[in-house]
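There are 4 protein chains.
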Amino acid sequence: MQLGLIGLGKMGFNMRARLREGGHEVIGYDPRPEVSDVATLADLAAALSAPRVVWVMVPSGTITDQTITQLADVLGEGDLVIDGGNSRYTEDGPHAKLLADKGIAFIDAGVSGGIWGLTEGYGLMVGGADDDVARAMPIFEALRPPGPVEDGFVHVGPVGAGHFAKMVHNGVEYALMTAYAEGYEMLAAEDLVRDPQAVYQAWTNGTVVRSWLQQLLAKALKEDPGLNDISGYTEDSGEGRWTVEEAIRLRVPVPSIAASLFARFLSRQEDSPTMKAVAALRNQFGGHAVKRVSESG
Amino acid sequence: MQLGLIGLGKMGFNMRARLREGGHEVIGYDPRPEVSDVATLADLAAALSAPRVVWVMVPSGTITDQTITQLADVLGEGDLVIDGGNSRYTEDGPHAKLLADKGIAFIDAGVSGGIWGLTEGYGLMVGGADDDVARAMPIFEALRPPGPVEDGFVHVGPVGAGHFAKMVHNGVEYALMTAYAEGYEMLAAEDLVRDPQAVYQAWTNGTVVRSWLQQLLAKALKEDPGLNDISGYTEDSGEGRWTVEEAIRLRVPVPSIAASLFARFLSRQEDSPTMKAVAALRNQFGGHAVKRVSESG
Amino acid sequence: MQLGLIGLGKMGFNMRARLREGGHEVIGYDPRPEVSDVATLADLAAALSAPRVVWVMVPSGTITDQTITQLADVLGEGDLVIDGGNSRYTEDGPHAKLLADKGIAFIDAGVSGGIWGLTEGYGLMVGGADDDVARAMPIFEALRPPGPVEDGFVHVGPVGAGHFAKMVHNGVEYALMTAYAEGYEMLAAEDLVRDPQAVYQAWTNGTVVRSWLQQLLAKALKEDPGLNDISGYTEDSGEGRWTVEEAIRLRVPVPSIAASLFARFLSRQEDSPTMKAVAALRNQFGGHAVKRVSESG
Amino acid sequence: MQLGLIGLGKMGFNMRARLREGGHEVIGYDPRPEVSDVATLADLAAALSAPRVVWVMVPSGTITDQTITQLADVLGEGDLVIDGGNSRYTEDGPHAKLLADKGIAFIDAGVSGGIWGLTEGYGLMVGGADDDVARAMPIFEALRPPGPVEDGFVHVGPVGAGHFAKMVHNGVEYALMTAYAEGYEMLAAEDLVRDPQAVYQAWTNGTVVRSWLQQLLAKALKEDPGLNDISGYTEDSGEGRWTVEEAIRLRVPVPSIAASLFARFLSRQEDSPTMKAVAALRNQFGGHAVKRVSESG
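As given, the protein sequences belong to chains W, H, R and F, one line each in that order.
Quick note on the numbering used here: the first sequence kicks off at 1 and runs consecutively.
Quick note on the numbering used here: the second sequence kicks off at 1 and runs consecutively.
Quick note on the numbering used here: the third sequence kicks off at 1 and runs consecutively.
Quick note on the numbering used here: the fourth sequence kicks off at 1 and runs consecutively.
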């Protein structure tokens, strides 16, 4: 089928390629002319036959807001917008309403798979009305990995449900990464272990802990044994923060996801104010020596 | 090759089957005559041609200690003992020494895979001298999963290294399970999500969080949606505790493994003394109502 | 000076008493006629001489919103409203604006001390303009504990700052309570310790851990050794949740406050869905027995 | 009464002073002649009238072991040794036995109060037989803070119980420090808060969180606002590690004490191997940029 695709960055660019391989006609729009198929959003709308289906794959927050607001202008009655970006699920309701006022339908789609999705397919979690999901199904079929449909695609629930599931997916992802990373640090700290990489490599088959992320860590350790050239400084893209916030709203205890999020915050601090205060306290009551910044400076 | 196998429980029984399928001659010993091939450990030693190789697959702690002590008596110069159970790695040195005094070599082997190992193969992490490991390699080959040897087997280092790596494996396993479980609880708590099982099923393919454990959780949720018939009461077998203890020795921060361990402790308490004390404190300073045990009794 | 006081519950009732002892004229309003000095908010406004000062001490959220909205009607130019309740600090800006439109000034005041404040004085953290704080200072003087003013009162910053500081105070309070409670559980678990209460009593003087909360736990253990009649079920009033949410916004790692909050969530669950999922997983891969709900039912 | 005191370091030196002020005859021994009253342990034994009481106040571990072994030689039947250092409670049994073989009694005494104990008195937690504790009571009376005896002294139980209670005290202390420090970091991160020190100062009176440690943090922040000259690098002296290890043995969940311990480990790492692995993983699956060490080098 025909699809408009807005946003041809790291994810969108690959998705266009996979969709075209799947036999779909994709007209892509991106502000960078060198990758874009059309010059403007209006051109995109004009190039598509009604009823149109447009997939939005742009950074969440302001840019997604602006894109959907513009689409409400250039699209019309009977069209369908799919937000495949990492929007917070609470933004889906307002976006759906904005579009519904123009007779435009809305689906939110959580997309997992990163740069590997092009070849392996993307895990998809979607929210929306049954009719809308059915209409976009050929697109989802082309994007999802091969195999049974239920093993890589899920219609989670009404509008918002797709992004909610994707948010939880990413929260879980944070905690999984920490789990493997703690194991790595222990192996690297123990003299008995000749090569932590070899252990991670051996875990890829037959063990209880084997997984795709686990394979990737084995691969990363092969490329840079000791991870000597990688800093621990780690960004967080939002989903981890939202997961903990939603867990609080739902009164769900998430100690391991929260610990993973806090570890990322800490990784970006030059020195921890919390630990400065602890060191200051020890000095106060015990006369324990503190390490002065001036000493190391 | 020929192998003596002591312990034909859930793990050993399956391993004997897999080894025999692999063309090896296995003489099994177990105190339960209905599964045992010989009547006593002495009979086992007599039935094997020197130099013998004996695999010990019994519960860690006292029973492994006793078994290895008895083997030091019935085996002799040039024989080899492999401890494939879940012994703490700190016990391997003393066991190796006890056997070395009789000229018997020792390998520690961490074995992962649970009840699935029979068909899929067992992930193996071994510690010992190069010569000893080379000698036992045909056995490891038959037990490990198909594919490249380094993807399911690792010679981690000297005696103790295999069990150390297995211990860390299990610590990581605890944290992975908690990560997936926290995600499940969030999906189950949110009304937008029609069926958490369907989400876990969809995560099995294409997503960043896909893994063998993740598939098992999808399977468990299919068998008992809502997990209504399963209590949260969860045992811990030792490795999780040891992992945190060794992390402390190595000064490695393991917040997510420790959180997973503590969650298991908590799951086995009728009521938490810690939270009783918190509730008592709130009552003291704020006059906040506490829930009296007598009220619910 | 003269003060209108809205809300004569557990906190407000005592505060009226302390203010009157301090020589102030307090006209209290509460929907319960048996404790109220006037019949309506309009009566309260009429009974006060302009420029009026009115202290709001009602539950945060809807009731505080409604009260401030009503005060915007019955008060006028030059009056001052102080919100002494546990409002989230993000609500102070809108409240201040609503009142400013009528020429009414606003101060937010975090009040700590619980039921003990009547006799010992209340710790006060206030936010607002310098002039407004100066004007209300006689009230703050009467409420705060004896001693140097800076040891029980702080003008934290502009509107919102008082409630922000109070929110952090309560987050810290959660973590302190957990710290003492974990220590209690350890003492209670160890056979060598004859009486955990005696240890907590001894800690009240000379030790590094001595504190007011610590004294209260000693007292609670004296009243109910073993805490046999207290359930661990523990409510949270909002500040703990807000503290973690604001920590996420500020990218501040707060592992111990978050752990304390999650422990309260967990204390209110019949059984933990997270641990049910962990138990289900163990059963899947290891064939480990799970405790069936039906067994204990 | 007469007392031999071994170890005149930061703690022992002050304790000798306090005991002498309390009217006791103290003969101190220390390897540094400039502070020692006698030249050798044998001289100390000779200078004391039998039955002797000797207080050991030296670093835990090897030095305490050696000191007690030497005392077993120079003391005799009917004498009493008190270990007031921070020995692990599991060492008390062997020490007691070693001395008992010579007819020498043993008490373990946990001592809290740091450098402030000289003027304010020391919180004392002791383990041992009733008769032995009774005999040493005049010493405990001089060391403990003024006020009711049960508010600064406790006979916790048999040998080992004193050090166990002290260990838990220190574990709780770790968690309290983290709680206050997290609160400080939040106040320091929020622009609305003019001066975190002023908030901590105000918390010293009337609030629920007031405590001795809380006062010390206010003091530290007054001396170095912003804690600019203090590094977050924080040692741990052993008790925190032991507390978590004993919690694991007792199956007591201690998330906040463990988090505090791990934060100290982390504070001493140049960069976190765990976070390097997390960053490497993000790069693998998402193509997310990592911060190269070479970039900042």
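Calculated directly from the structure, the hints in this document are not laboratory data.
Mixed in with the good hints, there may be bad ones.
Claimed, not checked - Straight-line C-alpha distance at most 27 Å; calculated BS3-like pairs for lysine-lysine:
1. H/Lys222 <-> R/Lys10
2. H/Lys291 <-> R/Lys222
3. F/Lys291 <-> W/Lys222
4. W/Lys10 <-> F/Lys291
5. R/Lys97 <-> H/Lys291
6. F/Lys97 <-> W/Lys291
7. R/Lys10 <-> H/Lys291
8. H/Lys10 <-> R/Lys10
9. F/Lys219 <-> F/Lys10
10. R/Lys291 <-> R/Lys10
11. R/Lys222 <-> R/Lys10
12. R/Lys291 <-> H/Lys219
13. H/Lys10 <-> H/Lys291
14. H/Lys10 <-> H/Lys222
15. W/Lys222 <-> W/Lys10
16. F/Lys10 <-> W/Lys219
17. F/Lys102 <-> W/Lys291
18. W/Lys291 <-> F/Lys222
19. F/Lys291 <-> F/Lys10
What the hints assert, rightly or not - Computed far set for chain W versus chain R, every beta-carbon distance over 10 Å:
20. Gly103
21. Val149
22. Val254
23. Ser272
Yeah, the Cβ is synthetic: ideal placement off N, Cα and C, and Gly gets one too.
Now for the hints, and whether the structure bears them out:
no. : hint                  : in the structure
1   : H/Lys222 <-> R/Lys10  : violated, 50 Å
2   : H/Lys291 <-> R/Lys222 : holds, 18 Å
3   : F/Lys291 <-> W/Lys222 : holds, 18 Å
4   : W/Lys10 <-> F/Lys291  : holds, 19 Å
5   : R/Lys97 <-> H/Lys291  : violated, 41 Å
6   : F/Lys97 <-> W/Lys291  : violated, 41 Å
7   : R/Lys10 <-> H/Lys291  : holds, 19 Å
8   : H/Lys10 <-> R/Lys10   : violated, 61 Å
9   : F/Lys219 <-> F/Lys10  : holds, 21 Å
10  : R/Lys291 <-> R/Lys10  : violated, 44 Å
11  : R/Lys222 <-> R/Lys10  : holds, 25 Å
12  : R/Lys291 <-> H/Lys219 : holds, 18 Å
13  : H/Lys10 <-> H/Lys291  : violated, 44 Å
14  : H/Lys10 <-> H/Lys222  : holds, 25 Å
15  : W/Lys222 <-> W/Lys10  : holds, 25 Å
16  : F/Lys10 <-> W/Lys219  : violated, 52 Å
17  : F/Lys102 <-> W/Lys291 : violated, 45 Å
18  : W/Lys291 <-> F/Lys222 : holds, 18 Å
19  : F/Lys291 <-> F/Lys10  : violated, 44 Å
20  : Gly103                : holds, 35 Å
21  : Val149                : holds, 23 Å
22  : Val254                : violated, 7 Å
23  : Ser272                : violated, 8 Å
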